[in-house]
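Given chain P's structure and the hints, the job is docking chain B onto it.
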Amino acid sequence: MRAKTLSDFLKEGDRVAVSNITGREASRVSEQSQKYCGNIVGGWALGKSGSTIETSRGSIPVYATFEELMKQTPSESRPNKIIIYSPPQAVYGEIKEVVDHGREHIETIFVITEHVSVEVTSKLHAICSEAGIDVVGCNTLGMINVHDRVRVGAVGGDSPQETFIPGSVTILSNSGNMVNTIASYLLASGMGISYGISTGKDILILTPLKDLIFLAETDPRTKVIVLYIEPGGLYEHEAIEAIKTRGLSKPVVVYVAGKIAETYNVSLGHAGAVVEGNVTSASAKMRAFDAYFGIEAFSPDRRYKKTEQLLDVMNRGVRVTTLHHIPKAMRLICDTLGIDRDISSAKPLKLNPWFVNLGDVAKHIPHELDLARGTIPEPYAQQVKEQEQARLGISMARQSMRNASHASSNDGVTPRIHGYSLMDVMAKKSFVASLVLSLTGELPRDEFEEHLAQMTFIASLTNGPGTISAQGAKLSCSAGNSPNTAIIATLAAMGSVHGGNGSQAVKFLLDVFAETGIEDPYDSSVDVKDLAQKAAEEFKRKKLAAKEASLDYARIPCLGHPIFKKDPVNHDPREQVIHAFITSQGKCNIFLEFYHALVEALKENGTTNTVMAVNVDAALACVWLGICWRHLREKRMTIQRAMDIPFIVFALGRAAGGAAEFLDHQDFGTTMDMRIPTSECRSLTRSRSL
Amino acid sequence: MTIRVAELTFLEHFAPRYGIPVPRHVSGTVSRAEIKKVLSEWGGTALVKPDVLTGKRGRAGAVVEVSTVQDALRELKRVSGLEINGHVPRTAYLVEKIPADYEIFTAITYNSSYLSPTFTVSLEGGMDIEDVVEEKKITIPVDIFRGLDAYQAGELLAELGCSQALISPLSRHMVSLWDLFISTGMISAEINPWRVTSQGNAVACDFKGIVDEANFKAKAPGIEYPDYPESISLFEEEMAAWSASSHQGQAHVSDLGGKKILPIIFGGGASTIITETLEVAGGDPMFLSDFGGNPPYERMLQSAKLCFNHKLSQAKLLLILGGKANNTYIDVTFSAIADALLSFAEEHGPLSLPVVVGRGGPRLVKGLLALKQALEYLRLPHVIFGPDTPVTLVAEYAAKLANALPAESEVKS
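Residue numbers (this note's numbering), protein chains in the order written: chain P, 91 to 780; chain B, 162 to 574.
Looking at chain P on its own, in the form it has when it is part of the complex (with noise of 0.2 Å):
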């Protein structure tokens, strides 16, 4: 092996050229690398010769073969490391190349092809071994040394930083995604990484386990190693050998996978992971590093008594027999031996759920696996705040629904409501809770909540007998109509204005709110003056510029009254009622404040005389998109719904003042009374003969 030590793999200053760079792969991963570290100086891929990769620090220019490139590359900034990411086809070609023109130059080939023969790779390795170069692979994803900022090879993803902090910890690893796995957990442990080594878990790995051991012992920066182990190959069995021979000074945290291809007559995922004979296996493994430590297996639960032994123990280091153990037993080995933390702030592992909606299952497991909804961790939690903001409410997939309903169900035995026994609803809920339910899906989700709903259905009954919902109960019953169509008459009587300007309210509240990202409704501490000032002035210029076309221009919906108008402030005496209660409840709804602090608003820059009204129409609006908003942000719930549900209240509420309307009126009224005599009724128009 040429490489002394692990930074002559990789190290600041190396120069890194690419085969195949135009491949969907290696392209995309160059791009990647260059905005990490801007190492690589040139590609080749034969038919692209004169094309350019575009990166964040400049382009990178492509050549047809590895020969051109080196012509064409002044002295100075020639690659000394090699990525090939050629088809397996083309690989040894490849290498033969790079072997022939670049001898003198090229230090390390990393072969991230992946599926290339095991003929072909053992004679990669003599021709390579012989030319003094040393390769990484076959099918390794590359390698990262965190203290120098550089990598080659897709180690760390697209943001490499964000796991690899600077430490001293060396991973090694025949899985390339396990690299970043265990760089992401030693994190907990407060320890940061020096180098990530993907070794590939081909047949042959041409670094072996034995050399890259003690590459990592003559690192300075090196304190701790880590392997993650894959079955196949006497790589460790000849580690060991050396180890004991030569000796290690550092500590050594190993992870053996794939006991479970013994158990069960499976291949695993990766080529090498073969096993051959019985040293080979897996349980072999893990008996060989156990005998090498002189401990079994670190258990969480044990206590590790601070003695001589445990000294002597740790200073070869343990196994794991759980990934999420690797911080742990780092711990151990760190307190032990007295090795310094690479960061202060460690976060142990747990669960963190970003999502959580178990629905009835939470009912039925123990309390500790029924989870809360963790902390999303940036630059995630602003991603998903963007992107939920983008999408409120959701749109359903469409299916034939002749046959199929999700408000209810009957199996024969059990009528259901979106699921619940209704006669569970019947014993147990109220008839508003059992409302809720049928319209949003979800029972109301407190009491708070079920009470608000209740008073905007009896806000809903009447607003007296003048009303035209009222008068449609009524001349169907003067006309001699019975109950139902007494109350189809109130139904019909009513539209988008009388009944229908709370879905206008929603809609309207939801353009306002919908880019705020506000989770819960009830809260207090958002400030709703801002937008309202930023909702007055919008619709102050609309009307300006309305007017000054001479056109009409939309209303903002729910405002006003054609009783509450006459005082300099106004207010609708069913609203207040809602208003009051929220605030007797030491809560608000960013809703109804919102339009509060709106009426002001209109006021203060002139585009109202009076400070006008919240009528009950918004009141009813702003509740249920209270009610219905974490329907919305959790995409369980169609924003036309949430449009239709205040519409849908008042006409239920109003339908049962209309029925009482109707039974008065069929008491007291008599025939036809509704009739206007023809004395009272103008005509305008002139009457005209045929």
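Because the hints were derived from the structure by calculation, they are not lab data. Accuracy of the hints is not assured; some may be wrong.
The calculated label-pair distances, taken between Cβ atoms and stated as ranges, are [what the hints assert, rightly or not]:
1. Leu512/P to Met162/B: 56 to 64 Å
2. Asp310/B to Ser373/P: 34 to 42 Å
3. Ser511/P to Met162/B: 52 to 60 Å
4. Lys334/P to Val293/B: 19 to 27 Å
5. Ala462/P to Met162/B: 41 to 49 Å
6. Arg193/P to Tyr458/B: 38 to 46 Å
7. Thr760/P to Gly510/B: 57 to 65 Å
8. Ala497/P to Tyr458/B: 27 to 35 Å
9. Pro390/B to Leu512/P: 51 to 59 Å
10. Lys198/B to Ala180/P: 52 to 60 Å
11. Glu507/B to Gln162/P: 51 to 59 Å
12. Met162/B to Ala180/P: 13 to 21 Å
13. Glu507/B to Asp610/P: 30 to 38 Å
14. Glu627/P to Tyr458/B: 39 to 47 Å
Here a beta-carbon is modelled for each residue, glycine too, at the ideal position from N, C-alpha and C.
For chain B alone, kept in the frame of chain P given last:
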């Protein structure tokens, strides 16, 4: 990834092609008259052997000496139907019995110590090479470009004390074995035993080989490797066929016979550790899977559909889990899984099993939200983790959750 080669293929194809002396043999389907004829030609006795992809056939009682036509016919029939170490024979055949004074072991195989092919020889043939004491076997590396020459082989045989008369012919046979090994793209080729007759003739009396499918020579013209009856499930077979249809992204499953968790797992390494964690934590995974390697949408969609069609209705919990991906686009793979789930529900009616998800990698948030939306639409209980929760912790949680779930009847009531 590899093709295993048994003795009958060696007898029929490789031995004649590379000039390796072997016993006379006939297929098990020859006529009664033919059996009678060969028995008399071969000195009255013959061996019945199964064509099966496993060693230790003799110890399993599957190699039987016969001396009459009736015995031969009966044993051919019996042996061809015998399950040997979990493997089912393709057929049985009749082979000449070679009387021998002693037996020799030879093998050429790639070796992880030398990172090159190695040649191993021992005069203690007929047994497992692991059981032969170190002093009685020799392994040397072979130059991959020059190959094994007769001189090298002869030296080794002499060192082991092989009789002088045998060294020269046997060395030439070793060169033939190398030719066979290197020109068919094998990873290992073992002749054990060579039976040496009292006349000093060495005859190759059993063969085991493994061909590297990644090597273009595996498609050597004129050789079609036979299909052996395999005890693979329809699920594994369909996924293997789907996997072979494209090189983009992994699509690998192995049935484990579990009954609780349906695991869709990404990444070869993650696949192993997650499945092992599920096992340890009692999650009873239905299969081992690997769908990593940045599969395009259509690839992932069909892979997920295959998993769901075969397993979802029996599963208690669906686990979709991978580490922090380097290359795999999470939005592409997760949208595909979401769509596969939706179309499964459309075809088979509503689902109720909980879903546990954990993932990291490029375009993660978009992918998680797409999947979350589908889970919400299907009203499936779910817990979704990001890359800050270790995959093995998620696996452990999924296993505990699967075990804590009540029986379906309890939930309904």
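The hints, checked one at a time:
1. Judged by the Cβ atoms, the range 56 to 64 Å given for leucine 512/P and methionine 162/B holds: they are separated by roughly 58 Å.
2. One distance hint, 34 to 42 Å for the beta-carbon pair aspartate 310/B and serine 373/P, holds here, with the actual separation near 39 Å.
3. The beta-carbon spacing between serine 511/P and methionine 162/B, approximately 54 Å, falls within the hinted interval of 52 to 60 Å.
4. Look at lysine 334/P against valine 293/B: about 25 Å separates their beta carbons, and that is inside 19 to 27 Å.
5. For alanine 462/P and methionine 162/B, the hinted distance range of 41 to 49 Å is satisfied, since their beta carbons lie about 45 Å from each other.
6. Separation of arginine 193/P from tyrosine 458/B is about 44 Å and conforms to the stated range, judged on CB atoms against 38 to 46 Å.
7. As the Cβ distance of threonine 760/P to glycine 510/B is approximately 58 Å, the hint placing it in 57 to 65 Å holds.
8. Look at alanine 497/P against tyrosine 458/B: about 34 Å separates their beta carbons, and that is inside 27 to 35 Å.
9. Checked against the hint of 51 to 59 Å, the C-beta distance between proline 390/B and leucine 512/P comes to roughly 56 Å, which is consistent with it.
10. Distance hint check: the CB atoms of lysine 198/B and alanine 180/P are about 53 Å apart, consistent with the given range 52 to 60 Å.
11. Separated by about 57 Å at the C-beta atoms, glutamate 507/B and glutamine 162/P satisfy the suggested range of 51 to 59 Å.
12. At about 20 Å, the CB distance of methionine 162/B to alanine 180/P agrees with the hint of 13 to 21 Å.
13. Glutamate 507/B and aspartate 610/P have their C-beta atoms about 35 Å apart, which keeps the hinted 30 to 38 Å range intact.
14. Under the hint 39 to 47 Å, the C-beta atoms of glutamate 627/P and tyrosine 458/B, about 45 Å apart, fit the expected range.
Consistency note: the structure conflicts with none of the earlier hints.
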